[in-house]
Amino acid sequence: MTSAERHPLFVATGTEQVPDRPALVGGRCTCGHVFFPMQTYGCEKCGRYGGHLETTPLAGRGRLIAFAQVHLHARPEPKVPFTVVAVALDDGPIIRALLNPPVDPELRHGDVMVAEIVSVPREVGTRPTLRLTRNATGGR
Amino acid sequence: MARHLSSLRPVYVVGVGWHRYQPPSETPYVALGLKAVRDALADARLEWPAVESTYVATARLGMACGRPMLRHLGALGRPLVHIENASASGSAAFRLACTEVAAGLSDVVLAVGVDKVSDRLRASSQIGLQSLTGSAIVPATHYALLMSEYAQRHKVRPEDIALVAVKNHRNGARNENAQRRKERTLEEVLGGKRVSGTLTSLQCTPIGEGAAAVIVASEDGVKRYGIDASRTIRVVASAANSEMVGHDENRDAAITQAAMAAAFAEAQIAPSDLDVVELHDAFTIEEIEYAEATGICQPGRFIPMLEEGAFDIGGKCAISPSGGLIAMGHPIGPTGLGQIGEITLQLRGEAGARQQPHARTGLAHMVGVGAVCYVHILQRV
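Same order as they appear, the protein sequences are chains D and Z. Per this note's numbering, residue 1 is the first one in the first sequence, and the count goes up by one each step. Per this note's numbering, residue 1 is the first one in the second sequence, and the count goes up by one each step.
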């Protein structure tokens, strides 16, 4: 990812706790509420907005709480089968993302999941996107 | 101090009607809506000029669909307004119609839901924020994820959850207004097309169109028009809410729990008092999650009780006797009003082959994407 293509949802640089995985671009309100993705419209907890909301990197690691392999999908992308996961990030928010690889028969509830940046095709060239993958080295 | 609906003027459901829910067709929405309204008027034995005000529930028809439909009943200059609240549009229209009567602004009010299939965009795709999943998560996948979590938490199998669909298809087969009118075995439900996660197509609401209409009236309205009081059904609670911070993963069950609790407090009844319930069962897992959130059964107890027949017609509390969204269908705008119609038939004892015996108290529940939730409790007086 070049700086010109800086993605609003993630950065290649990891956090102190999980330095080897890309971080998600979350937000933190002065009230303490942590959320994803970053926005300045207003805090869902207290209603403060604008400068009260600051970007905070969220570690690209969490626990798998749910997953679903999609068999039927009306749009051409993503191609079926693909898997959607719900992951409780170590840093708090629950996020949903696509799984890499698209199907993983070994996936189990409670697995440690980590973020990775992959290139997906677009009309011209490719674009980077964030996927979650089972941490091959991590336990359950 | 704000007050409950039930502490204002009493409100009664006096007429209900439908245009059958059905797969997309060439029939214009005007014909669908007029059929439902005329049936509701006939059911109440009312003429159109009695209706002082109309709420039109629709999520997919676009701007200003009401007048081009209602004019064919006689253009009498009465107020009308359109209500869009996603899947709960019809429930929202019903609540507003009840509020207008309860407040004393009108004595007879119509709520009519009508919709046809369209590919109109949801506002959530236009909020100006990106997401990691874009359009990859459709409703079936949202609920497949909740199903994955529930199955893990309570150690249930896909074939256990699919039993909800077997029950609701059996009920829908007895409902002339249902889109799906065929009994299905567990094998048929499980053997259908796989959609997302462990959801199969017969565990998902079908895409369709239709209409439903409900007329509500005050005591003055009932007297003025000589409406048969023995067929009127009182609205004893109306609760509504929307998503709360901190329930990221299962927001629908969280708001259901809160709205149910508010409705029970207003009606001064307990979940065990319910004889008949219509839930937002667009996907099998929803009926389970919402019944447990309601307190009809303890968390994790739904499936054993379902297997014992507790939620069948004739059981302790009939759930989705209409066939629910899975079998009756979910044309969106009409759905919440169709639920009120079903509960009304049940409490009158007019539900025919799908009558829950001795039904006195019923509840209708809808959620809409966003999320919003509505709960209404009705009682035979």
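Any given hint might turn out to be false.
One side only, chain D facing chain Z, incomplete, derived with CB under 10 Å [said to hold, decoys possible]: (1) 43; (2) 49; (3) 51; (4) 97; (5) 132.
Residues from chain Z that face chain D, not an exhaustive set, calculated with beta carbons under 10 Å [as the list claims (entries may be wrong)]: (6) 148; (7) 257; (8) 261.
FRET-style restraints, in silico, Cβ to Cβ [to be verified]: (9) Z:31 with D:116: 35 to 41 Å; (10) Z:247 with D:54: 44 to 50 Å; (11) Z:118 with D:54: 39 to 45 Å.
FYI, nobody ran anything at the bench for these hints, they're computed from the structure. Remember, it's a predicted structure, so these values are computed and weren't measured experimentally. The beta-carbon is built from N, C-alpha and C at its ideal position, and this holds for glycine as well.
Against the structure, the hints:
no.: 1; hint: 43; verdict: holds, 9 Å
no.: 2; hint: 49; verdict: violated, 14 Å
no.: 3; hint: 51; verdict: violated, 18 Å
no.: 4; hint: 97; verdict: holds, 4 Å
no.: 5; hint: 132; verdict: holds, 9 Å
no.: 6; hint: 148; verdict: holds, 4 Å
no.: 7; hint: 257; verdict: violated, 18 Å
no.: 8; hint: 261; verdict: violated, 22 Å
no.: 9; hint: Z:31 with D:116: 35 to 41 Å; verdict: violated, 54 Å
no.: 10; hint: Z:247 with D:54: 44 to 50 Å; verdict: violated, 24 Å
no.: 11; hint: Z:118 with D:54: 39 to 45 Å; verdict: holds, 41 Å
Hints 2, 3, 7, 8, 9, 10 from the earlier list are contradicted by this structure; the remaining hints agree with it.
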